[in-house]
Amino acid sequence: MAGADSPSTALRRRDLCTRGIRLVGKMRSDVIDLLDTYVERQGLDASASVAAVEGVPPAAVERWDEQTGTQRLLENLAAYRAFRALLAQMLEEQREQLGEAGAALGRALAAVLLQVSAFTYHLEELLRLESRSPPSEEGDGPPPRPPLSLFEQKLRGLGVLRELAQWALRSARDLRQLAKPSPGTGSAPGLAESP
Amino acid sequence: KNLKCVTHNLHKMTCTWDVSSRRRHGQTDICYTTNDFPPLVCFKTKEKKVEIPVPDSSTTMTITTNSISGTAFATKEFEIHKKDVLFVPVTPRILSLTPDFSTSTINLKWSDNGSVFPNGLDAFWQIQILRKETMEKVTEVTYYSKLTHEDVILSWNWTSDMPLECTSHYVKIRCYINVTQFVGLKDWSDWSPIGVIPGKDADPSGSGVFPLDTVVAVGSDVTFCCVHEEDQNITTMSYGSKSYPMIQLSSRSYAIRVLNASASDTSGTNVVCRLNNGMMDGTVLFVGYAPDIPQDISCETPNFLTIKCTWKPGRPSGLYGKRRTKYSLFERKSGKNVSCEVNEMNRERICGFPVLADQKTYDFILGVSNPIGQTESSLLVDLTQRVHPKTPEKLTVSGSNSTSIHLRWFINGSFTEIRLLCQIEISSGHSERKLHNISMPGGKFSSYTAQLNALHPYTKYQFRVRCSAADHFWKWSDWSRVEEHTTSEA
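So the sequence lines, in the order shown, correspond to chains A and B.
With this note's numbering applied, the first sequence covers 1 to 195.
With this note's numbering applied, the second sequence covers 1 to 490.
Keep in mind the hints are simulated off the structure, nothing from the lab.
One thing to keep in mind: the hints can contain errors.
Claimed, not checked - Subject to a maximum C-alpha distance of 16 angstroms in a straight line, what follows is the list of computed EDC-like cross-link-like pairs (lysine to aspartate or glutamate): (1) B:K322 <-> A:E92; (2) B:K322 <-> A:E93; (3) B:K322 <-> B:D213.
What the hints assert, rightly or not - Ranges between beta-carbon positions, derived for each pair: (4) A:E62 <-> B:Q232: 22 to 32 angstroms; (5) A:Y121 <-> B:A357: 51 to 61 angstroms; (6) B:L259 <-> A:E54: 32 to 42 angstroms.
Don't be surprised by glycine CBs; every beta carbon is placed ideally from N, CA and C.
Looking at chain B on its own, in the form it has when it is part of the complex (with noise of 0.2 angstroms):
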């Protein structure tokens, strides 16, 4: 009696049944018949089930049991209908179970043992997480996928909400088939052996606060833990200045959870756990902000031999050291990429990027990153028209008569791509200040000069130029330093 079929595969079934009779009884004789293929089959079995194709419509099947001495005492026949049998996929196994203790994630790796099945079916796959020595259940997640009548590997990804150190992770999976045309009962499959990711509270000598100095977003929840060896006992548990209400993991394993941490000081906010023999252990956290889009990005180049980049950084990250925001210029055309020496505690950002051979525009992209996140900005630029000056030098002053003069000064850096307007400007007393302006081609490391007439017999001047681009003008220079000169007598 009882007699229940239940099939893997769709091709084999395996059915198994009960005895009523008490009596001890010897091999039992299975015939059946598929009235898809006439010919009887008839074979001896001590177990009490037997694997038999799975019918297209019905299986019609005789079980005579047996006595000791090979007396049939007990015959019936059982006619299974398709419709009765019960599809139970095989038990997943899982392959792999890795974990990435910096990001609290764990990685899960199965098999779909898709090539039993035909190609298309809808899978899903239920997978447990459990915690704790109670083996607490944290999550349960269906993933679905299409088996594509191939084994292939799946994997799915678990992030923890505290660190796998905290306590161990148990994880287990199952699976359920939709096979339309199976006109059987369907069911979910056993579940899988327990997979385990063991905690430091599962390692005897193992102890600790955790995370161990990690990096989180303001605003962030974080579960810290504290394990402790043996023969300790936690006394408090402290946030900052502030103590926690301790979640118990394990026997040696005691948790807070922080809620929207707020930024921390620039060494981090320590999280301190004191035992009852008088030590502390801990760990810090750092909380800041992912980097904001650079704002104001400008480029110009002050002598085509660099290119120098600033923007304004936005919101402070409030992360310093090893854990600063980070910045680098990529110029797409070139490809080349440099990092930028970045000072996080003046707010102006300055990058220097060298000017390349025979390259006129720069398709600039300013990366930034810190441990939070990154953001970019870009900017494209045309050198010839983001041509700042230095200061012009060297000004000298020579008189030719005396109502003129004869101007001399040098500007360092290779202008041979552009021409350049210069600015005079001329002074002498109360008079009004004269600016003369005058242009020429940009030379290179040169001096350039520079006649002015109509001046005054006898009369002190004082001069100082500055330059820029004459086509597209960008800045100007600053003023070079101021030279006095006194025209000669008439």
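Next up, chain A with everything else stripped away, as it sits in the complex (with noise of 0.2 angstroms):
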């Protein structure tokens, strides 16, 4: 079990929570954005009911509070790994589908996967920050299934801004508890023992 954190180590911890926090908010009023956007280009029903994205690890999670930093992390990176894969394969799929009369949904599109790409980068070097070097993404995606049809697409596009959007939310609580100092040290313990 790690002991306390050097000062530094805590101090950086607290930076790269910090800023992952705000790059987080932003993702998600982006992702709010974007969802009215998608709703209303994809011509679907905003209260449509959509079952949960394959590939995915679902934002809720039971007994939050009980989770170690490490596991909050780990967690939080697969999910955003899931989400940057996906995020790529909707961008082909509107570029095929809509080519240049999509390119405004594109384009909003790429915005979201670029701060996604961006957090995931920043939830691996908080986890390096605890000399814990990232899983590697090897046999990460989704095993290949047979090609959704269109509606099927707009459905599953509906269904990944919707949870990124409370991956987003739930990621900022997790950030929060990690840059929480231990009680009575001042400084924040080390991952593996933060609840």
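Both chains are sitting in their own frames, so use the hints and assemble them into the complex.
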């Protein structure tokens, strides 16, 4: 079990967490704007219920407060890597289906993808801070499955964006939890211990 | 009694009869003579039918029914006239029934059994398409063919008004042959055994909304269906934002009918089938226009290396991405074909084609197609008459004396096939602008020069130049940048 951090590591972690919280907050507002555009451009019903998106761990988690800091980071990392792959696929599908006509939606999607990639890198930085190398990405993506129909693609896109908005909320809470100084010592505990 | 004779091939006929007595009987003795062939032919049979030749005029047949012990207990003689013989073609057999789900088309193949009949007879084939569990007749068509004394495989296509996945489609066929020289009675054959194209609702795990992601022309009537699993129910089916009344096709398949579909948004119009478990299934319909014939097609060369064709697309198709309207430029003489990269969002369309060695005239066909239709436009071009040079570059001015100057400029391109006409614009201070025309042989990626005289000494001038083809003028190039020069003092 790692002992308490050195002051510089704790400072570095708090800085990364603070910037991460800001990044994920901006991402969430962009995702919500994008959701409105997406629903409108895809002719969907905003209240449509969508099945869970295959390959993305749900943002909702039981016994959230009992998670260690490392668990939080690893789950966040897995989720945002999945979102990065799914958003890239959505972007490709947009180009194929709409071409130039979908340029505006494409740009908005690309912007969110960029933020997801940045936040993924951010999470990896936090893990490296704890001299813990982020898990490799080989074989991470969802198993290949038959191509989705266009309507299924539209619904999946809606599901991805909704889940991403939920994850942004959760990530902010996780990072706030990580940034908290442990009681008494005034410095943030090692990730393994922080509940 | 009730002797009836039926022939399927005009050569042999099968005669059947009833026995009125209720007594149990054994074998039957048959004797017949056809007045065309005097000898009597006799034989025994256990059945109440017999196959004998079709007479040219008539046949006399004696039927003796024997008891179980073999003693005759009833004898009757029949005169069978050819005009009483019934000709019924052999029941047709469906050779293949092939669905094309992408076009909702069924292809039916069957043999006409023509080898049995003389050449040239007219044959009529009645084909019925049935649907739903109730086997509702959807359509009945009569197809005509001529027999050729050979067995010919006939083929017929039918396009359904709804996707074939929606519910099972059944097909049966029967035939009537107009044997003009046969004096007997004629009738339709029996119906063939039924052929079936199973719908998704016949597949226990089948489900979905159909047609899947298809493209139709504006104004089309489209039938959509939702096939659901056994334990589900459909609550609503909508097209775009509007719910439609549902038509039941089977216990697991319901349809809606959209009439006169209007153009869809860029991402298509969603057809959504809501189920009682809260889930949704759906498909997307793209409604657009077939491509318009390209207007104002024009081709020119800026440099005798490439040919640039432009045109106006006409009415937008309303289709985007991989369903967009695609253009290709085909040159008939060389057989070369180029596909054009076109941005569907901007109005002007442009396509490049390489200038081919030793080819001055180009016979272009601009092909245009999208999933709804295709069209084309053609244009014959003599390249030397369609030169639109690039802007002259690197204009330099040098003064040889106080009243004359020397201009030099460069034009990107190979103009060895033509003479160039260049126009030099001279302006200075308040005086009026003057134009000086000069023509010269075209060069290959070369510079061009001109000398201007009769200028005023110690005067500041602005010069610019543009060029075009000297013979067969088409378009001026753009003006070069302005170059300033002050003549030396006298």
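For each hint, the structure was consulted:
no., hint, result
1, B:K322 <-> A:E92, "holds, 12 angstroms"
2, B:K322 <-> A:E93, "holds, 10 angstroms"
3, B:K322 <-> B:D213, "holds, 12 angstroms"
4, A:E62 <-> B:Q232: 22 to 32 angstroms, "holds, 30 angstroms"
5, A:Y121 <-> B:A357: 51 to 61 angstroms, "holds, 54 angstroms"
6, B:L259 <-> A:E54: 32 to 42 angstroms, "holds, 37 angstroms"
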